[in-house]
Structure formats: structure tokens, C-alpha cells
Amino acid sequence: MMNQVVILAGGHGNRMKVAIPKPMLSVLDVPMLGWVIRACESAGLSRICVVTGYKAKMVEIYLGNRCRTVLQEEQLGTGHAVMQAEGFLKEFDDGNTLVLCGDAPFMDSETISNALKFHIQQENAVTVVTADLDNPTGYGRILRRGSGIAAIVEEKDATEAQRKVREVNSGAYWFQTKALLELLSGLSQSNAQGEYYLTDTVGLALEKGWTAGAYRAENPDVVLGANTRKDLLHLNEVARRRVLEWHMDNGVSFVCTDGVIIGNKVEIGAETTILPGTILRGKTKIGNHCTIGPNCILENCTIGDHVTLNSIQAYDAVVEDAVKAGPFVHLRPGTHLKNGVKIGDFVEVKNSTVGEQTAIAHLTYVGDSDVGKKVNFGCGTVTVNYDGMVKNRCEIGDGCFIGCNTNLIAPVKLGKGAYTAAGSTVTKDVPEYALAVERADLKLKEDYSKKKLRNRLFPGDDE
Amino acid sequence: MMNQVVILAGGHGNRMKVAIPKPMLSVLDVPMLGWVIRACESAGLSRICVVTGYKAKMVEIYLGNRCRTVLQEEQLGTGHAVMQAEGFLKEFDDGNTLVLCGDAPFMDSETISNALKFHIQQENAVTVVTADLDNPTGYGRILRRGSGIAAIVEEKDATEAQRKVREVNSGAYWFQTKALLELLSGLSQSNAQGEYYLTDTVGLALEKGWTAGAYRAENPDVVLGANTRKDLLHLNEVARRRVLEWHMDNGVSFVCTDGVIIGNKVEIGAETTILPGTILRGKTKIGNHCTIGPNCILENCTIGDHVTLNSIQAYDAVVEDAVKAGPFVHLRPGTHLKNGVKIGDFVEVKNSTVGEQTAIAHLTYVGDSDVGKKVNFGCGTVTVNYDGMVKNRCEIGDGCFIGCNTNLIAPVKLGKGAYTAAGSTVTKDVPEYALAVERADLKLKEDYSKKKLRNRLFPGDDE
Amino acid sequence: MMNQVVILAGGHGNRMKVAIPKPMLSVLDVPMLGWVIRACESAGLSRICVVTGYKAKMVEIYLGNRCRTVLQEEQLGTGHAVMQAEGFLKEFDDGNTLVLCGDAPFMDSETISNALKFHIQQENAVTVVTADLDNPTGYGRILRRGSGIAAIVEEKDATEAQRKVREVNSGAYWFQTKALLELLSGLSQSNAQGEYYLTDTVGLALEKGWTAGAYRAENPDVVLGANTRKDLLHLNEVARRRVLEWHMDNGVSFVCTDGVIIGNKVEIGAETTILPGTILRGKTKIGNHCTIGPNCILENCTIGDHVTLNSIQAYDAVVEDAVKAGPFVHLRPGTHLKNGVKIGDFVEVKNSTVGEQTAIAHLTYVGDSDVGKKVNFGCGTVTVNYDGMVKNRCEIGDGCFIGCNTNLIAPVKLGKGAYTAAGSTVTKDVPEYALAVERADLKLKEDYSKKKLRNRLFPGDDE
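Chains A, B and C supply the protein sequences, listed in that same order. Heads up: the first sequence runs through residues 63 to 525, numbered per this note's numbering. Heads up: the second sequence runs through residues 63 to 525, numbered per this note's numbering. Heads up: the third sequence runs through residues 63 to 525, numbered per this note's numbering.
In case anyone wonders, no lab produced these hints; they're calculated from the structure. A couple of the hints might just be wrong.
[What the hints assert, rightly or not] Simulated coverage check for chain A against chain B, where a stretch passes if three residues somewhere in it have a Cβ under 8 angstroms from a Cβ of chain B:
1) 288-298
2) 309-323
3) 438-451
4) 496-507
It should be emphasised that the depicted structure is a prediction, and the values quoted were computed from it without experimental measurement. For every residue, glycine included, the Cβ atom is placed at its ideal position computed from N, Cα and C.
Just chain A, with the same shape it has in the complex (with noise of 0.2 angstroms):
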């Protein structure tokens, strides 16, 4: 018995004002769609089978070898939809069969089991997933029949009486295969639209004298798909919301969550600290007893135990143990600070390995170089790293001593324990423990700015 998926996503959505596919949209950087089959998957259902229509190619492209695709040209309705993957279905037509919207993002994969059991149990020709909501208002709502269901009736056909229902459709639906295969060659378009609806099935399985049941989720979120941006942005606060607490739940600590953002794969250790406006990104993974934020940005990073950062962005960074940067820290790809390491004001690193215990204070640019431990960085260094046609690398030792305003010219390699003066420019290899020195002479032009500043600036004082 082969149970499988066909998912809707080939709507547009228009009051989005958005050129794409409406479960292209995301949700906490996540299109919807991506959610769905990421349920789907986590319920063990891997055939899944896509019913594109609008701008299908983006999905096509999203969805990569992850699933099959079928195209709905027209946009014929639902059940229409369905009817686009009829080959798909006749494929494996002994199982049961999924279908689901391609914007509803939090159906989740305890739901899609337990109706399957449920649909199973009852030996429905169609289960329809549904949800009790404190305001339907929207929504289809569904009228039972004994345990059973009797229809769905959609908002504006409702009476009065049937709007107070507050039992809605969520439009995902386990059918047998066989039984969807023959209620779909039954849907007609005689209605005032002049579409083929899905939740016609019910009705026809009824008077086919099949069993119709409705499985009531116990998860109401299940039901929430987005028609405006500010739908939209309501599904992004219910699911940053409950990120936030199950972080919470593994003892992570929030004092104020305005402005966090945490993305579905991000793992963080407890005891540590998450402050205001800290978006955390991608793989990111943080360990223990840290401190982030406030306003940090980590994408695709991993941090040790015990770290510090305050106001710095990170993107494809590696930071060990009780390492401190911030505030005004950027570190971009291939940075990798070992254990230790202290990173201060407007720092930059990028594609450089730094050693334990390094200390880069502040204004300074470190990239393409792999600097030892215990290293001193004065203000303003910069390593030159490209010429104007390639990319060289600085190879720092141990123990050195960079002099603020210091230009190293790569490719160029410190020793270990050497110094550079101030402002000096290095253009060759310093030896261990030497000192590099580049400067003029300091010359000194008496009385130069006597005239001119005495009077702007010190009216009062007499010679």
C-alpha cells in the first residue's frame, strides 16, 4: 500500500502585489511550500507530487530532484488541480492519498498521521482535516453528520446558523486513491465560477453512499494560509513566536524578544542569552552560557561555549570558546576566531584563521591571513590583500606586534615575536623578533599656524 502527496501550489497571490507563486512566499526565510513538504517528509510520505501552475519554472527550479511536478495551465479550481496529477495517482492507486495546499505552512506531520490513522480506521473514502477555530470567520465551515461529516459550506453560502460553526476545513484531505481517482472524473464545473472544486468530493462520496469523515487537528495553526501581506506577516509571527519557545524550552534565555528572529534549523545551547533585535540565520549553532546581541546577525555560523558578541554581523563564521567581539563587528565568510580571542570596536575579518588569545581592538582589517595567538593588532591596521588583480595572503606568527596604522603588503609573512612601527608600510618579510620600521623624518615647521588660528580660534589671548 503506497500512501502519497499531491500538493497545490500553483496560485497567485494577487492582493500580495508579488510576481511569484504565492507558496514561493516565506515564512521566516522559508517559502511555505518548503514547510509543507518538509511535514510531509517528516510524516514519512516521500512521493509527493507538485500541481504548479503560475510561474511554475520558480518552483520547478525551488523544488530542484525533491519532488515530481505536474503543470495545471489553466486555473480551473482545486479539484481541477487534483485532476493534473491523475497520472501520478494511477501510478501507485492502492494506498492513500494526500492532498494538501502549498500555502498553508503549518500543517505539521503529527496532524497528517493521526488523520491517516484516523481515515484508515474509519475505512473513509475521504477524511477531511479540520480545525476548531475561536473566529471562523473566512473559513469553509464543516457540518457533521453523526461522527461523520454532512458538508462543507463555504462562508458567503453559509445561514446564519452555519456561520456560528466553528469547526472549519484546513483544504488538506486524505482520500483512498482509488476513491479520489473516481470522484474526480465526477466534479463539474456548473457553479457560478465556473471551477471544479475539491470540496465537491464530499458531497459525491456521500451519495455514492461512501464514508466522509472530518478529523479535527488539534492544532488550529494547521488551518493558516495567507491571502494578504498581512496574513502573511501573521504567519511569520506565529512561527517566530514559537521558535522562541521551544529555544525557551531547551533554557535558552530572552529578556525582551523584540526584533529576534530565529530560522527553523538554528540550534542553541542553554544558559545562554539571546537580546533584542538578534537574527539568527541558516545552520547556525550556538553553544552554551553565551551572551548574542543585542542586534547581532549569525548566518550559517557556529559559536562555542562562553561567548560574547555585541551589535556584530557574522556570515559563515566559526568562533570558538570564550571569544569576545563587538560592538560594530563584521565577520564575513571563512573567518575562524580560536579560543580566546577578542575582537573590539569597527573590526573586519574575513577568510582569516586568528589564534588563540589574538587581540584586534579596534578600526582594523584582517583578511586572507592566518595570524597566530597572542598576537597585538594596533589601530587602524590594514593587511593588503589585493592589488588590483589578485588576492594575496599575510601570515602573522605568534606573539606579534603590529603598530596602529600599519599597512601589510601580502604577500608578506611575520615571524614569530616581531614588530612593526607605526605607520609603517611592509612590503617584505620580517624576520623573528625583528622590528619593521618605515617612516621619514619628523620635521617640525615653528609658528606655523600662529596667525591663522590665534585669532579664529583663541580671540581673547594676547601675545
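Fit chains B and C to the given chain A structure using the hints.
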């Protein structure tokens, strides 16, 4: 027939602990009085008299020539305030007069126009603008008589039953101007406060056998005012949310609106995303498909399409298409970034034009400069535009390559394709394709740090 | 008569996944235990015994000499915890004893004092402090008898009817000290958990024919505690909002409070505006008419009047009147900015005094320096205060003009009105009004980049 407006703006926000007139307190950077005047103007009412009182001069300066003003020297009530405009009213007494509170910023043009239509249709002497509130506590309640109004009862004078009335007085009224003049002359100070109350005009009109009506506004926010800073924060929140929703309807995307404040005059194109902590002020205009934020401030800026701005502040700047800037960038007035410019971290640009595809990657100041296209700025470059007396300009030709920590002493001109060596101070013009070098010889002092360093940093390191 | 306090602080926050005692978890940067002690002290109660348990050492270190402590070695319930203080109680048994939970931070001095008055007036043996909650779920319910109390029923033992009671136990009690000692000796472990419950004292007192009362606090927040990190976040939100409202009542202006966190000891003058994302910590004091934020962190800072701070972080700094700083500035401990100083972008100041009207516009580090008034710092200036061994000071006289990318090698002194040329490294003192220049000759190499550049950058540019 002349329809005109009297706006009451004499009040002092005692409970705000602020030495400015209450209507001058701002909601989203615009004084509440400005909101009220704009609503009148949108409703086609341009003949406006503002009644000033507390710190009248401040209101007069703000208004400039936009409205007439009259001074209420003593604070003797709302009726007394309108009396001060008697001269203004008598100039054109054949139409209707709208009386508005200068500190109720959400009165809107639609309510003003519809209330006037109702007022004329009903041939009312006076029409009170009202709204239904879920929680009417603190507001004057509207007692109805048939389709008209019987009385306005203040909270403190209301019976238990009257307090349950949810229709409240907004403090805005349409009067037949002639009726208003007659009613004002009938007001008395015979009450506990010894003040002339404008609300008493309703009772007076009814005594005279005139018709008095109430127009119920659809937008309940028209009644909102502020007595405390908490109220004022609430007004800001209402205004903020309204602006955000308006942009969402236009196709602008928000993942989380925390800390996002967008002024009334800001325009944003569809499919642009605004990230948290972003403040957009003044006449800022943003194109399509941009990503702005987090934590940007843009004030009076014009931003093209496909622009990415991350944690930058920009004031009176023009940014063309496909520019990327940030994080930690400051664009000061007179900045013009052309198509495809890239600005990295810790960069300031001021009063300069930067040509297409030029890159300013890090720790650089470009001021008072004209920069060509495809220029590459090394890290730490400074355009030395100020000699302590005057500011001069730098001119940097197409395709120049500026070495790191270069000083360009303005006025100076770099020809097309010119190079400067890292660490050079460039005091004279550099011809096309030439290299400018200012550098002393590099000297190495062997074993300079051997003794002082070795014991400290490498205790286990024997020679 | 001696009134005294026993605070229970032995609990472990298991569900917080944190290895510290629950009362040591912070709300707005102060451990909950600190909030409780402060409330006692404000109520004039200085004789306090804290019962420790889990990680007692951590509590003892935090308390120092502030309170006595006793250790509860086994966790055998709240009654058992109070028993550990028997010695403390017996020292002065002629008065009353307040028992408080160390993890209910919003117990306030007014409730404590009023409950004591009530307790004495009613001649109660024990008085439970209670509060009415809209949602009492999870709390012990108060069953009344006449004006007194009949019992406290835990949620899990309550009948349907009892669960509807909205008056709940705060966990705080006033006892006559003698009665408490007698009641404690009567407690037993005969319950499911095998623990001694302090709540059982109420029943015991009634059995003895003593009077037991309940004092209903006006502030329902007195009952709030935290079992989960979600609860703890809620406590932080309550505390945050309360502090913000207190400042609003004092005339401080907020446009949007997102991400604003203000500590309990912070003082802010009237007509100052705090923008989003601003965190004020420690003993920070801000004057009137300032604009602070967005995204500032100020910790233990003293800020004058009419100061504008935009996206800066300052720690242990003093900022006088009319200073403007930001965006992107870091003021480290020992910074003192005098009247009218202007600090621009990407500037760090540390352990330095900066004189009146001095300007540090961009990309500069001023450390360990004494700077006069009306000094102008060029972009990229570095005070080279560290030679790898010791830190030295720079002294910069009034009206100096420091050229861009200048290094001032400390110790060094620039006399009044001294100039330094851009790019110079200044290694010795500069007399008044003198100019210091360290610079090599500028050489131009013609046609240096002609070949390598032209084909790459200007493919269509024929010679």
C-alpha cells in the same frame, strides 16, 4: 457658501511634563496639529483659523502662513476659545464651521466630508461627530433623541445607565456659522469650573427649537487624543500600525515589524522587504525589490530598485539601482551612489558622487569628492577635504585604484586608471595610469623584541 | 516588638534548564531575590534571613553581608525551609515574621506594610497575602470564612466550584512569630510528596482556634513567579513595561518602545526622547531634552542636557551638555566628553577627557588622552597609547588640528594650536602653533597601470 474651520490649539499638556502646547506634540514626527490641518486640507477646507493659547508663539512659528491664528489669552474653556475666532467667523457667516480639537490627530477627511453632508442634509444647527467605542470610559457620552441628539453627558456627571452608552463625543462639531455665533453669545460660565463649554451649545440649540444631530464616524480613532505620555505612545502605535498596513497593501513585505517606524510621506515599491528596527523619515522614496534593514535609518533619501541596505544610516542621499551597502555605513547629505556601487563596513560618504560599480569596501571616508566608475578604494583611505580653514574637493577618475591607508589631500585630481601605493599621502595631481608613491625605506632591526617578548609570551621557548 | 523576614531561596529552576538557584535568575538584570529584599528594605524591614538550598554558595556570595542565611540541606518543602530559620526566629519572638518566596519579584513594600497593618489590627496568628486574578489557573485558591480564611486549596485538589475562585495565594504570609514557631512544630510530612507544607499552617491555626486572615493585595503582580523560561520572560515584560510607564509619567517620551530595556536605577529627565532598541543599564542618569537612540546601550553613564546619542554604546562614561555622538560610536570607561563635543561615526574614546567643542568626526581612536577644547581630529587619527608593554598618555592642547591618519605615539604632548600633517607619525612633542610633518617625497611612476588596467576596465578605449 463658505465652509471653514476653527481648530483649538491653546491647551497645555500639563500631565506630559512638557513646556510646549499639547497640539505641538508629535505623532510619527508630525505635530498633532499638523495631522488635523492635513485632514481639513484633504477634505477641501482651506479657510482655517487656529486658536492659540499656551506658548502661542511656538504654534505661530510652526504654522507660518499656512493658517490664520487668534490668541486666547485666558484659558476659559472650549466655548471661550471659539469666541476668540468671532471676527474670523463673521467674515463669512453664510456657510458652516467645523470646530476641531488640535490634539485629536486621527480626525480624517472622509469623516469631515461625510459629517458635513449629513449636517447639511439634516439641516442641523449643530452636528456632533461621534464614534462607538468598545471602552467609552473617560469620554462624554451621547444621549440620543430619535435620530438626533438629546445631550452630551460628561463621564463624571453620567448615571450608571448613561455610562453604558458606547457612543461618545469626538470633540468635533459642524455648526451653521450663523447659529454658532448666536450660540456662543448664549454660553455662560455658571458651572463648577467657571468655564464656557462648547458642549453646552447642543442644549442651547435644542432650547431654541433648532435641530441638533450626531454623525457617527466609521473610524473610531477620530476620538483619540492624549492626556498622558502613555496616551501619546498609544497614538504613535496606532499611527505606526496604520502606515505599516498601508504599505503591506501596496505589496511591501515585513517579517517582523518590531522597531519599524515609517513616516507618513514615505513611499516604498512592491516586493521590497523592510527588516526590523528600520526607521524611514521625511520624503524618503524606496524602489522595488529592495531589502532595507535591519536597523537602517533613511531620512529624505531616494533609493532605486534592487538595493540592499543593511544597518546603515543615510540622510539626504540618493542611491541608484542595485547598490549594496552595509553593515555599519553612514551616508551623509549630498551623497549620490550610482548604479551597482558597493559599500562595505565602517564607511562614511559625504557630499560626494560615486560612479557606477565603484567599490568602497571598508574603513574609508569619502567626503567632498567626485569619484568615477569602477574605482577601488583600499581600506583606510581618507579624502583629506579639510585643511582647518576651508573644504576642498578630490576628483578621482574612472578605474582608479587607491591603496590602503592613502591620504588624498584635496584639492587633488587622480586621472583615469591612476594608482596610489598603500600608505601614501598624495599631495599633487596624479596623471592617467600613473602610480603615486610616498614612502620611506623599510628598515629591519633584528632581535628587537627578543628579550622583552620571549619571557612574557613564550615562557617555555628555550633558545 | 521586632518584625522580621524569612525569604525562601533554596529552589532549583529545573524547568529552566539552568544550574543556578531559581531566585538568582534575573528580571531586568537584577536577581529575583534582589527584588524581594529591596521590597522588604523599602518597607522598613531590615532583619532578614534567607533560606538557601540548591547551590547555596552562589546565593551567599550574591548576598554578601546584606542578609543572614541558613541552609536547608534537604528539599523537604516550604514548611521545612522555614523550620531551618528556627534559630533566627527565636532570637526575637515577640513580633511578627513575614515569609516570602525569593522567586516572586513583584512583592512590593506597600503590600508588605498594608498586610502587616491588617495582620496586627485583626490580631491574626497568620495572614495570607492574596490577590484576585482574572485567570487563577495553577494557583492555590483562597476559601473564605466570614472576613477570614477557611483554607487554601491547591489547583489539583480543588473542586470544579473551587477552581472558579479568583482569589489566590501569593505564597507570602505574615505570622505572629510565636505562633509561627508553634505551628511549624505541628507540621507533618503525611502527604503524597512527603513534604512539610507551609500552607498547612493555616489549617493548624484554625484548629487551635486562632484567627487566620487573608490580605488581598491591590497589585495582582505580587503573585507572579516563574516556573519556566516563558514565565521568566513574562516577568521581564511586566517589569519592563512598569519601568517605561514610570518614566512616561515623569515626562519621558517614547515613539515606540520595541527593544527598549531600562534598568530599575536609571534616571531620565523630562522631555527626553528614547528611541527603539535602546538599553539603559546600571546607575545611568540622563538629563532633559536629550534624544537617545535608536539602538544605544548606556551602562553606568551620566549624560547632560540637550545631548543627542544615535546608535552608540557607552560604558562608565560622562557626557556633558549639548554633545552629539553617533552613529556607530563606542565610549569606553573613563571617557569624559565636555560641553558641545561632536563625535561622528566609527570613533572609539577610552579613558580620555575631551574638551569643549572638540570634534572627532570619523574613524578615530582616542585612548588614554587629555584633549583640550576646539580640537579637530582628522579622519583615521590614532592615539598610539600602547607600546606592547605599558600604556602612556597623549596630551593635546586647545585648538590643535590633527591631520588625517596621524599616529600620535604616547607619551607625547601637542602644544596649543599645534598642527600635524596628514599621514604623519608624531614621535616627539610639538610646540605651540608648530606643524609636525613626517613624510617622504611623493614619486610618480608614469604609465604604471596602463597595460594591466586598460584592457580590463576600459575595453572600448583605444589609444
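Structure-based check of each hint:
Using a Cβ-Cβ cut-off of 8 angstroms, 6 residues of the segment 288-298 of chain A lie near chain B, which meets the minimum of three, so the contact claim holds. Beta-carbon proximity to chain B at under 8 angstroms applies to 3 residues in the segment 309-323 of chain A; the threshold of 3 is reached and the given coverage holds. With 5 residues having a Cβ less than 8 angstroms from any Cβ of chain B, the segment 438-451 of chain A passes the three-residue criterion, so the hint holds. Counting residues of the segment 496-507 of chain A whose C-beta sits closer than 8 angstroms to any C-beta of chain B gives 7, which meets the bar of three, so the coverage hint holds.
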